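A.B. asks: Sequence:
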Amino acid sequence: MNLLNYTYLLIINLLMFGCQPTVKKTRTMNDTLEYQKFMTQEHRFELNGCNLKYNDKPFELGMSMQQFKEIFGNETSSYQSEFQDENTIKYFWKDLGLKITVFNSHITHIYIYIQNTYLEYPNVHMMGNRTIVFNDILLNQTDKMHEYIKRADTTFDEIGIKSSGYTFRYPCNKELIYFLDSPVSYYRKGGGHLYISGDWKLEETNEVKSIHIYYDEKI
Numbered sequence: 017m018n019l020l021n022y023t024y025l026l027i028i029n030l031l032m033f034g035c036q037p038t039v040k041k042t043r044t045m046n047d048t049l050e051y052q053k054f055m056t057q058e059h060r061f062e063l064n065g066c067n068l069k070y071n072d073k074p075f076e077l078g079m080s081m082q083q084f085k086e087i088f089g090n091e092t093s094s095y096q097s098e099f100q101d102e103n104t105i106k107y108f109w110k111d112l113g114l115k116i117t118v119f120n121s122h123i124t125h126i127y128i129y130i131q132n133t134y135l136e137y138p139n140v141h142m143m144g145n146r147t148i149v150f151n152d153i154l155l156n157q158t159d160k161m162h163e164y165i166k167r168a169d170t171t172f173d174e175i176g177i178k179s180s181g182y183t184f185r186y187p188c189n190k191e192l193i194y195f196l197d198s199p200v201s202y203y204r205k206g207g208g209h210l211y212i213s214g215d216w217k218l219e220e221t222n223e224v225k226s227i228h229i230y231y232d233e234k235i
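Just so you know, we're using this note's numbering here: the sequence shown kicks off at 17 and counts up by one.
Where hints are given, some of them may not hold.
Said to hold, decoys possible - Listed next, the in silico DMTMM-like pairs over lysine to aspartate or glutamate satisfying Cα-Cα at most 20 Å (straight line):
(1) LYS166 <-> GLU219
(2) LYS85 <-> GLU58
(3) LYS69 <-> ASP152
(4) LYS217 <-> GLU163
(5) LYS178 <-> ASP152
Simulated from the structure, these hints should not be mistaken for lab results.
Every value quoted in this text rests on a predicted model; they were computed, and no experiment measured them.
Turn these sequences into a full structure, and let the hints guide you.
C.D. replies: See the structure below:
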């Protein structure tokens, strides 16, 4: 190959490949040290919309009690309120920070505790979960809600807000609701006993106490 042909091929290669855009490698949550630490936890909850997992095992509302026990083992204790019908029973796994409501032998409500919580009935100290995965983002026991929202690269406009917490909705086979128990403060307009509620104080949020998962049966 003479020098002229070599120079021609070199120019063609530069034109074809030299101007290709550089593809950056995206760093996912799975690459982080925080996620690797989460994976060493004895109890790992991953709550991603319609997909719920405990230690990589899927679970869901509507399961039978027997199916649920195959994943979580036997409950710590149970409680049947005199104010509810005889077909409704609450079960507790205190070391997992897990509570469920069972109606007619099927799971209708799931509560996952983030903070250590004492439940007067049936006198159970629920162990909080140090870290869970929520919507593919780590949610830590120490996180304020606005810190989680920032890490998730979203805004409060995407979720429902009321004074007792935050609501996330997912269109699964039924509309699935996650309610995050975390008191929300608001600005007051006026003084003394005469005031009206202003905007939410979303720059001064609290930690999440628990997550309540249930179907919106009104839909």
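A.B. asks: Quick one: which hint numbers does this structure break? Sort them smallest to largest.
C.D. replies: 5
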